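Top line first, the protein sequences correspond to chains A and B.
Numbering of the first sequence is given in UniProt numbering, commencing with residue 1 and proceeding in unit increments.
Numbering of the second sequence is given in UniProt numbering, commencing with residue 1 and proceeding in unit increments.
Rather than coming from a laboratory, the hints here were simulated on the basis of the structure.
Because the structure is a prediction, the values reported are computed rather than measured.
Please note: incorrect hints may appear among the correct ones.
To be verified - Some chain B residues judged to face chain A by a derived CB distance under 10 Å, without partners named:
(1) 15
(2) 26
(3) 64
(4) 77
(5) 81
(6) 106
(7) 115
(8) 116
(9) 118
(10) 122
Note that beta-carbon positions come from the ideal geometry of N, C-alpha and C, so glycine has one too.
There are 2 protein chains.
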Amino acid sequence: EEITGIGDDCAVIPLNEKEALLVTTDMLIEDRHFIRNKITPFDLGQKSLAVNLSDIAAMGGKPHSAYLSIGIPANVEVEWLDLFFSGINYLSLQTGTYFLGGDTTKSPDRLVINIGVVGIGTLSTIKRRSTAQPGDIICVTDFVGDSGGGLKILLDELPIDKETAYLVNRHNCPRANIEEGKWLSKRDEVKAMIDVSDGIESDIHRIIESSKVGAEIEINKVPLSKTLLKVSEKYNWNACEIGLSGGEDYCLMVTIHEDHV
Amino acid sequence: EEITGIGDDCAVIPLNEKEALLVTTDMLIEDRHFIRNKITPFDLGQKSLAVNLSDIAAMGGKPHSAYLSIGIPANVEVEWLDLFFSGINYLSLQTGTYFLGGDTTKSPDRLVINIGVVGIGTLSTIKRRSTAQPGDIICVTDFVGDSGGGLKILLDELPIDKETAYLVNRHNCPRANIEEGKWLSKRDEVKAMIDVSDGIESDIHRIIESSKVGAEIEINKVPLSKTLLKVSEKYNWNACEIGLSGGEDYCLMVTIHEDHV
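Take these sequences, add in the hints, and give me the full structure.
Quick look at the structure:
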């Protein structure tokens, strides 16, 4: 088996006949990927790790350890950092990921977070972006668009009630679909897999480009939560558009042989 | 063997009876760790990788693969990026390190670079910060202070001649002491090892704190290059002070049993 790098959710480094090391890294820059006063430090810690765990999940892997680099501007309080680290630690423990440290440095103004995660995958079952087959059915492991809706609520500073709070939480505290990824990767009928980070509209392009196939998404079949539909109706949003391109869903998108759906 | 994280140059993850994975990560933020118009993109690419390879060297390891996350502001040209990647590629090839990609994202203003490196170490010979013994002699693998001198030349905008160019190059294009690290790690008389990133004055503290020993540095024995001495005399610098605390030398500092020096 070959070492593969750029072009999938993780780099794949075969360790022996059966297993491979999976490596992924993600950078979050303040005011680009998050706004500091729109997310609690605990949630930001969790989310910084979750987005990487999601890449491991997309290869059907099991996370092993996480490495943080953080650039801290002078206006970040120790209490903020404590909660941020608590968020990372909480999700590390919950997912059995060792949090093995990294690099702490000063930043001139913006908070910068980089987390790298090392995971373990089974060579025979690793799913890639490039293995979709003509005729496969596209599926996702969760509703899409909740996170995009949550972001709109934060940016438009809309009032927080039960529904909007749910969407904001889906944005600020996404769950990596690790167990789903492991389960899906073991099934032969699952052909290609990717995590939904930029929205299914962008991410399906990654699959079709590397698999050299086409794709059709039936807009009325995109799974949207009742909450997103309800809030969208209230604020006159196009829920479907948010579902397609809102992004940061961090569920998994797979293509499955048509006989098995 | 146990997994160890925070507190040494690399995290150490045993792979089998003999070998361990070494993992390190380092963040460089514009205007904190480098000034964009004081370093060529090619050198910055090399340096971003070299500082990580230096951490692998400090454990006596062999680098395997490198992972880049980069936050790119709008004012960075494609040509700049091409040269930056060429610098990383050049040093990757030179050191047998696979450059397996990572994360590319936009940054609101400052360039942010994070490189993580995965290496392989031999469990029985990995040297740590915590294993210095009373009576050991402190040694370094290269002159110290050249890099600190080079930084002063850049910051003070001093004229570039043969000598100052040499110091600037030592600052902008440090060499990771990988072969030295592997050689030193195989020797039983070498007790503790660390790479000199913040200057020997700071970095010896890391060894004495984790090893619970004291240390004495004889100032007149700190190895300074003729070039640093010459330039220091010209500009009335305290060369010794630069040697002790200039930092970014990226040579290795070891403690060696006194009978073997």
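Hints versus structure:
no.: 1; hint: 15; in the structure: 7 Å, holds
no.: 2; hint: 26; in the structure: 5 Å, holds
no.: 3; hint: 64; in the structure: 7 Å, holds
no.: 4; hint: 77; in the structure: 19 Å, violated
no.: 5; hint: 81; in the structure: 14 Å, violated
no.: 6; hint: 106; in the structure: 6 Å, holds
no.: 7; hint: 115; in the structure: 9 Å, holds
no.: 8; hint: 116; in the structure: 4 Å, holds
no.: 9; hint: 118; in the structure: 6 Å, holds
no.: 10; hint: 122; in the structure: 16 Å, violated
Violated hints, listed in ascending order, are 4, 5, 10; each of the other numbered hints is respected by the structure.
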